[in-house]
Amino acid sequence: MRIWPAPQFSIDLTGQTALVTGAAAGLGRRFAQVLVAAGARVAIAADRNDPVEPLVEEIERAGGRATAIRLDPTDAEQLISSIGQAEQTLGPVTILINNASIATAAAAIDMQVELLDTALATNLRAPYILSCEFARRLIYARLPGRVVNVASMAAYHCDDSGVSVYSMTCAGLIRMTETLAVEWAKFNINVNAIVPGFFRSGMMEVAFEHGPRLPDRFSRRRVGEPEQLDSSLLYLVSPSSSFVTGTCIKVDDAQLPR
Amino acid sequence: MNRLTPNYSLDLSGQVALVTGASSGLGRRFAQILAASGARLALAARRVDRLQALAEEIRAAGGKAAEIPLDVTDADQLAAAVDQAERTLGVVTILVNNAGAPDAQYATKMPVELIDQVISTNVRAPFILAREVARRLITHGLPGRIVNISSMLAYDYSHAGGSLYSITKATVVRMTEVLAVEWARYNINVNAIAPGAFHSEMMDAMIERTGEFRQRFPRQRMGRSEQLDGTLLHLVSPSSDFVTGTVVKVDDCQHPR
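For the protein sequence lines, the chains are A and D, in the order given.
Those letters in the first sequence? Residues 67 to 324, by the working numbering.
Those letters in the second sequence? Residues 1437 to 1693, by the working numbering.
Chain D on its own, in the form it takes in the complex (with noise of 0.2 Å):
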């Protein structure tokens, strides 16, 4: 008698995979893991040159991949940025909406320019490229996966200097959710990742300005980027089609619930 055989695949091949803020930190972990699963993938970030070192590892292991320059911030490359990808590696299939900004600033002290490039790039961007995504997607009649990344601050505000980046990551909390009803009937599921204190670029720099923390932390660790892996692929994975709308949190119970 044969055993019964789960349901799990993690075969993403002929998926096209958009990943933005994949220069470095968990953005350009993503990548890999994508294309390590049979995806083919378009690199979207500021730093070009560290882009097309990105594309060179992924071809140079038999993968496809393209590199996008794009300034979030910039509504129209945003549209043109998932342009570019679908005539470069096909409709887009997945997007990872990776790139994000932080304030760590007090509320008072926050300049008005610095206020708008926070909200413009961890709120406005991941939803004109959702929806630039979703049409196509509409359009094409097909199925996609959108995965937003939060972080525990959306939930957890305990030392002040980083009010905005909160806000935000709460909003894009919600914005998962709303975004997950409004396409289900297209098969579009939307779902994030909340992760907790990872190491990236982001949180190396904060180190270094703030000392270390994770003594503070129960298991007394920060994350590495490879221990995201396994979420992000249960959320793209074929087999979740199920899993839309909900927000997964992966902070090691660093953050109190």
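Chain A on its own, in the form it takes in the complex (with noise of 0.2 Å):
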């Protein structure tokens, strides 16, 4: 049928940058590649330890734009420097996925501070100071910019498998959205989160390791495939969202209670 009215959606991201980390492998991969599939350049960061020049390859072999970028989550000064590197390389960067987390797998009494502390810095630090740099070039450029924070169910729900620091730092994540989303309203930079259950390759899948049977836990006897945060992805980042923001949107199938 003849398209009437036309629905006022667009998921074309031409023209724009975006910075995605934890990008290697896992979740943030699918995003990097469902970002450059939708016409945006791509920076990549990760950490050392993880190879990223694959993707990049692998993302302009196909005809699209990316760079790798190093990017250690606990040090301040590389991650204020990352933005203005992309920038460098692929424009200003308009698009911020906050992606990098790390699951803590031990009970809140036998915790070392030392993993307290990098759980702290990556979790909730690094998106903060991310996120900030990231507004601040915007506001400057007065341009708008859009943050989507990679949060998990675990914020919400928490069982005894000591994940007590994943769990508050993912709910610190999501007030960081909704009180940056206030903040920034005025310079029309969105910030929103989505919110995954169990996926594969995602966070919880780790913290929640339970042997091989999880998905008989659920009511759909199933864990999440990455493309099945597509839609989430697109619809936060979409032109035609401009109106979406300080919103946290739960993807986890009802895996988890309400």
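Honestly, I wouldn't trust all of these hints.
[Unchecked claim] Here chain D is said to cover these stretches of chain A; the calculated rule only asks that three of the stretch's residues, wherever they fall, bring their Cβ under 8 Å from a Cβ of chain D:
#1 74-81
#2 102-113
#3 143-151
#4 174-180
#5 246-260
#6 295-301
For the record, the hints were derived by calculation from the structure and aren't laboratory data.
Don't be surprised by glycine CBs; every beta carbon is placed ideally from N, CA and C.
Build the complex: two chains, separate frames, hints provided.
Put into structure tokens, the structure is as follows:
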């Protein structure tokens, strides 16, 4: 049928540059690929233990633009300079995907302070510092932008498997989404979160590893595949979603209670 | 080498959508967008003349639509509406619970009739409709999508004179969550949209009474109904099968968090 009236919905990201953290593998890798497919140039950030060059080459061979960024999430200077570095190669960063996080599996009373510090730095401090540097440049350049934080259903639901710090920091990331959305609304910077449940290669599968039959506990007897997050990511970065900010989208197939 | 194709289809052909409150405002736009995406549309509301005009527009554009006169405060009519939609267009696979009633009154001044009307329209009707649709889907072994229209007033109540509206919209949020859990095993996804201040018949009537208030918002603007297109399409998209039990706030940060 004739498209009438045309739905106001575009997923064309041509001309935009995205920076994705934790993009070497798993969900972050998929996010980077989907953004490229939608027309964005993508800075692939990961720490030095995770090789990102193969992904950059793959994207460029397919005609996309990408650059690799070495990023230690516990190093504030590197976090700040990463945005400028991406901008130099690919142009002003208008989309930031805060995806990198580490899951902790230790009882609170047994957790080493070093692990606590790494988790707080990676899961809270890094996305905050990155978001601030991202926003600072956009505000100066008077450009609109989109931040998508990748939290986890562990923020709302924690079982007794040593996930206290992961769960706390995910809740903090969700609150960060809301507070920064309020603070930057006037600058047309939208801040939203995706809150995945158990996905293959997601953090939660690691955090809640209870053996091979995890899906049996869920109503639909399945864990998510990375591509089942495509529509939520594209919805949040879509140029048509200018009214969508300060919202956190649970994507968990109702695996967890409400 | 081929580029990866994102998993994002907006093709609703073969599906039947029932939209309540389709005669005006957001509901009318939801119906148009679902029709433009290929769904057959059951248009429900009290004002039949408006439904007929919209149904004709959809048919003129090559779509299929049926008008269903419906007073959502009448439980018998709710079940009958779902039957009528099914007889005319096929099994309803998408339900948009959009019809809502404002109170615009101080709690102490609410007559019981108004209390009953608001609770009945905003909570009882969407619950009964969701059940009627889900029961038929379960019988046929079909997956489905339910989208409830809540409101940011479910979370933020800062101006007196809308307490029961706020209460009932919070109830819709919780209804969305509990039904998503209950029907997950049947592949029926239940989600909600919580819009901020959008232009609609209800809202424009309120602005008439109270004056403009958009200057209070960080972006000093009200929403236009087409700014909900992407949110509706995300929730009904065949690619969003993992998205259930979520409430999407769409308010441009008009409200605090």
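A quick look at each hint next to the structure:
1. 74-81: Contact hint for the stretch 74-81 of chain A vs chain D: holds, 3 residues under 8 Å.
2. 102-113: Holds, because 3 residues of the stretch 102-113 of chain A bring their Cβ atoms closer than 8 Å to Cβ atoms of chain D.
3. 143-151: violated (count 0)
4. 174-180: violated (count 0)
5. 246-260: Since three or more residues must qualify, the claim that chain D covers the stretch 246-260 of chain A holds, with 5 doing so at under 8 Å.
6. 295-301: holds (count 6)
Hint compliance for this structure: hints 3, 4 are not met, and every other hint is.
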